[in-house]
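Enquirer: All chains, please: the whole structure from these sequences, using the hints.
Just so you know, the sequences run in chain order A and B. Heads up, the first sequence is in the numbering used here, so the first residue is 1 and it goes up one at a time. Heads up, the second sequence is in the numbering used here, so the first residue is 1 and it goes up one at a time.
Be aware that one or more of the hints could be misleading.
[Unchecked claim] Partial pick of chain A residues on the chain B-facing surface, computed with a CB cut under 8 Å: (1) LEU52; (2) HIS83; (3) GLY132.
[What the hints assert, rightly or not] Beta-carbon label-pair distances, calculated as ranges: (4) B:SER12 x A:GLU124: 51 to 61 Å; (5) B:ILE108 x A:HIS71: 31 to 41 Å; (6) B:ALA58 x A:GLY132: 50 to 60 Å; (7) B:LEU23 x A:ASP125: 38 to 48 Å; (8) A:LYS119 x B:PRO83: 48 to 58 Å; (9) A:PRO237 x B:ALA98: 37 to 47 Å; (10) B:LEU115 x A:ALA166: 56 to 66 Å.
Since the hints were derived computationally from the structure, they do not count as laboratory data. These numbers come from a predicted model, not from an experiment. C-beta atoms are modelled at their ideal positions from N, C-alpha and C, and glycine is treated no differently.
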Amino acid sequence: MLSLELDRIRKAYGDTLVLDDVSLGMDAREFIAFLGPSGSGKSTLLRIIAGLETADSGEVRLDGQRIDHLHPGDRNVAMVFQHYALYPHMTVRENMAFGLRNARVPKGEIDERIAQAAKVLEIEDQLDKKPGQMSGGQRQRVAIGRAIVKQPRLFLLDEPLSNLDAALRTRTRVELAQLRQRVDAGVIMVTHDQAEAMTLADRIVIMNDRRIQQIGAPMEIYTRPANAFVAGFVGSPAMTLVKAALEPGEGPFARVRLGDGAQVETRVSRAGLPVDGPLRLGLRPESVRPAAAGTGTTEAEVLLVERLGDRTLVYARLANGEEVTAQDEGNSRIRMGDRIGLAVDGKAAHLFDADGTGHHAEAAA
Amino acid sequence: MTRSRGKAGHLSGYAFAGPFLLLYATILVYPLLLGIWLSFQRADLFGARTWVGFDNYARLLTDPTFHQSVLNTFVLALLIVPPLTVIALLLALALNRATRTAAVFRGIFFSSSVLSVTIVTLIWRFILTPDAGLVAEISQVLGREPLPFLSHPDLTIPSLAITTIWWSLGFPIMLFLAGLQQVPPDIYEAAALDRSSRWSTFWRITLPSLRRTLVLVIMLQTAAQLQLFGQAQLLTAGGPSGASRTMVLFIYEVVFGRWDLGYGAAAAEILFLLVLGITLAQYWAITRREAER
Chain A
1 MLSLELDRIR KAYGDTLVLD DVSLGMDARE FIAFLGPSGS GKSTLLRIIA
51 GLETADSGEV RLDGQRIDHL HPGDRNVAMV FQHYALYPHM TVRENMAFGL
101 RNARVPKGEI DERIAQAAKV LEIEDQLDKK PGQMSGGQRQ RVAIGRAIVK
151 QPRLFLLDEP LSNLDAALRT RTRVELAQLR QRVDAGVIMV THDQAEAMTL
201 ADRIVIMNDR RIQQIGAPME IYTRPANAFV AGFVGSPAMT LVKAALEPGE
251 GPFARVRLGD GAQVETRVSR AGLPVDGPLR LGLRPESVRP AAAGTGTTEA
301 EVLLVERLGD RTLVYARLAN GEEVTAQDEG NSRIRMGDRI GLAVDGKAAH
351 LFDADGTGHH AEAAA
Chain B
1 MTRSRGKAGH LSGYAFAGPF LLLYATILVY PLLLGIWLSF QRADLFGART
51 WVGFDNYARL LTDPTFHQSV LNTFVLALLI VPPLTVIALL LALALNRATR
101 TAAVFRGIFF SSSVLSVTIV TLIWRFILTP DAGLVAEISQ VLGREPLPFL
151 SHPDLTIPSL AITTIWWSLG FPIMLFLAGL QQVPPDIYEA AALDRSSRWS
201 TFWRITLPSL RRTLVLVIML QTAAQLQLFG QAQLLTAGGP SGASRTMVLF
251 IYEVVFGRWD LGYGAAAAEI LFLLVLGITL AQYWAITRRE AER
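Expert: Have a look at this one:
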């Protein structure tokens with residue numbers, strides 16, 4: 001059942017358009033991540049759903065009811081702010097009770113909900129402290145607790161992990177994933193961290209340049225990026241994009257020639273591609289393996305070697321100057337300055353046409 | 001080696017602090033001590049001094065003119081500080097927005113503070129004078145007798161209070177505005193999502209956030225208004241018959257009118273102790289409540 005619906009949301013600040021006809025549908029218990037670079041409009045969209053900003057046009061509906069004209073407090077949504085936004089002069093208990101008191105929830109029920117949330121979040125012994133006496137991680141829990149006790153239809157999380165240190169972030173990520181199983185509500189999380197989005201979300205909404213670039217399950221976005229932006233934004237290190245030209249031929253799949261003359265046989269259907277016009281070949285690092293010089297698809301000079309332990313990333317330059325990222329074993333002997341061959345796995349290659357639209361290998365029959 | 005460097009470090013430290021300490025001692029510590037010493041003397045402006053012990057203080061205790069001035073001072077402080085604080089807070093709340101109009105009004109409300117007391121009293125004399133003042137003109141248009149604001153014993157103190165509030169608004173407004181801008185905006189957004197009404201947002205979010213500013217404003221204003229002088233001297237000259245004579249005006253008259261330096265110094269010491277005692281009591285009352293919370 002559709003829970004949240006965004007219908008052609010449009011928002012401008014003065015002459016600057018920040019959201020251009022954004023539409024989205026979300027299931028009742030779905031976890032959606034808005035992922036995008038700074039300034040992509042993802043936070044604005046979240047704030048429009050919360051009612052902290054008003055859209056210039058378009059509709060927001062929750063469970064079939066239009067909510068975009070409602071006061072933020074009447075929308076049945078709860079938000080966890082990036083900097084927590086706890087009330088500094090109230091205790092943890094008062095912080096969690098404030099919204100419920102305003103909503104005239106009976107006192108007994110308030111106490112019950114707080115006790116329950118405190119237990120789940122393991123902050124039972126912190127309830128009489130003030131936010132100033134707590135660490136960042138504990139404040140984060142209180143902020144989540146304040147959202148949970150409201151029992152909203154939708155949770156809105158604005159960069160919830162960005163203020164935590166690396167170790168705590170990973171732990172809180174796991175806890176968010178567990179928590180999400182317990183609440184009967186949808187979750188929207190804004191993040192610029194693709195690892196957060198990939199690990200937590202059922203579906204990721206990639207935003208850039210005022211628009212939704214792609215909506216899809218994490219693996220779908222990784223394996224079938226809708227366009228060159230998504231391909232370059234998701235995945236670390238980013239997908240390599242090199243210039244390519246379609247070779248004439250009869251086969252069902254496209255064969256392309258790179259700038260340095262090497263040819264790659266892809267599994268991308270020739271049918272959907274423009275007959276002429278420039279193409280770009282997209283290669284994930286794992287589909288390019290270093291090989292002995294003279295044996296691979298093409299030749300390259302090694303610019304940089306990153307040893308990550310379990311694997312080695314090799315940044316290499318083709319004869320025509322374009323750079324390609326390849327992946328080797330953890331114990332790779334390749335050094336900077338080496339001349340190596342690159343074996344391209346054409347079956348995993350992607351093609352992007354002149355306007356950036358992605359074309360992907362057809363699923364193996 | 002290290003020892004000599006340590007000594008040199010000491011010396012350069014003193015060299016840095018020295019000019020300030022010298023100035024501080026000359027213009028604050030020395031006069032303070034001189035005042036205390038003077039209060040135990042019978043002294044005039046020409047240098048004649050006789051030690052009289054607590055005589056001056058004993059005279060003050062039985063001097064009805066002094067009693068009247070203490071009472072006047074407290075009534076004035078009570079009439080000024082609470083309304084001034086409330087009005088400044090309300091204006092700050094209204095002006096705490098990033099619009100051009102708010103900026104203009106911030107400037108207007110602060111402008112009265114830069115005027116000297118002479119100008120302020122002149123302006124208010126134009127307003128309050130019963131024969132040709134603004135209020136008198138308006139009263140006449142409305143068909144009422146103009147009130148003698150500056151000469152009736154019951155009206156002089158309120159007139160002084162109004163003048164002082166008008167003059168003193170700017171600084172507390174600035175302090176409150178600074179305090180308001182310290183409140184992170186996302187707290188208000190959280191409150192909006194928490195269904196907080198305007199009233200409860202003010203009462204539960206804004207006011208507690210301004211607590212320290214509020215304490216500062218009340219303490220500064222109390223200390224300042226207990227030393228009220230210029231308005232009383234220029235607007236009413238303490239009259240009629242001492243009805244608006246404040247403590248500082250009393251001290252001024254004793255010292256520069258009657259040349260009784262020791263007596264004036266004793267009154268000044270009492271005022272000093274009162275101001276110190278009251279501000280400390282306020283601080284204690286407020287911080288104690290904070291510790292309890």
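Enquirer: So does B:ILE108 sit 31 to 41 Å from A:HIS71, Cβ to Cβ?
Expert: Holds, at about 34 Å.
Enquirer: For the hint 48 to 58 Å, verify it against the beta carbon of A:LYS119 and that of B:PRO83.
Expert: holds, 50 Å
Enquirer: A:HIS83 was flagged as interface toward chain B. Is the shortest Cβ-Cβ separation under 8 Å?
Expert: holds, 6 Å
Enquirer: Between B:LEU115 and A:ALA166, does the C-beta distance stay in 56 to 66 Å?
Expert: Cβ of B:LEU115 to Cβ of A:ALA166: about 58 Å, so the range 56 to 66 Å holds.
Enquirer: If you take the shortest Cβ to Cβ gap from A:GLY132 to chain B, is it below 8 Å?
Expert: violated, 12 Å
Enquirer: Can you let me know if the beta-carbon spacing of B:ALA58 and A:GLY132 is within 50 to 60 Å?
Expert: Given a distance of about 52 Å, which is inside 50 to 60 Å, the answer is holds.
Enquirer: Check the following: the C-beta atoms of B:LEU23 and A:ASP125 are separated by a distance inside 38 to 48 Å.
Expert: Because 53 Å falls outside the window, the suggested range is violated.
Enquirer: Verify the CB-CB distance for B:SER12 and A:GLU124 against the hinted window 51 to 61 Å.
Expert: holds, 55 Å
Enquirer: Could you see if the CB distance from A:PRO237 to B:ALA98 stays within 37 to 47 Å?
Expert: holds, 42 Å
Enquirer: Return the status of the interface hint for A:LEU52: holds when the least beta-carbon distance to chain B is below 8 Å, violated otherwise.
Expert: Where the cut-off is 8 Å and the nearest Cβ of chain B is about 5 Å from A:LEU52, the hint holds.
Hints 3 and 7 from the earlier list are contradicted by this structure; the remaining hints agree with it.
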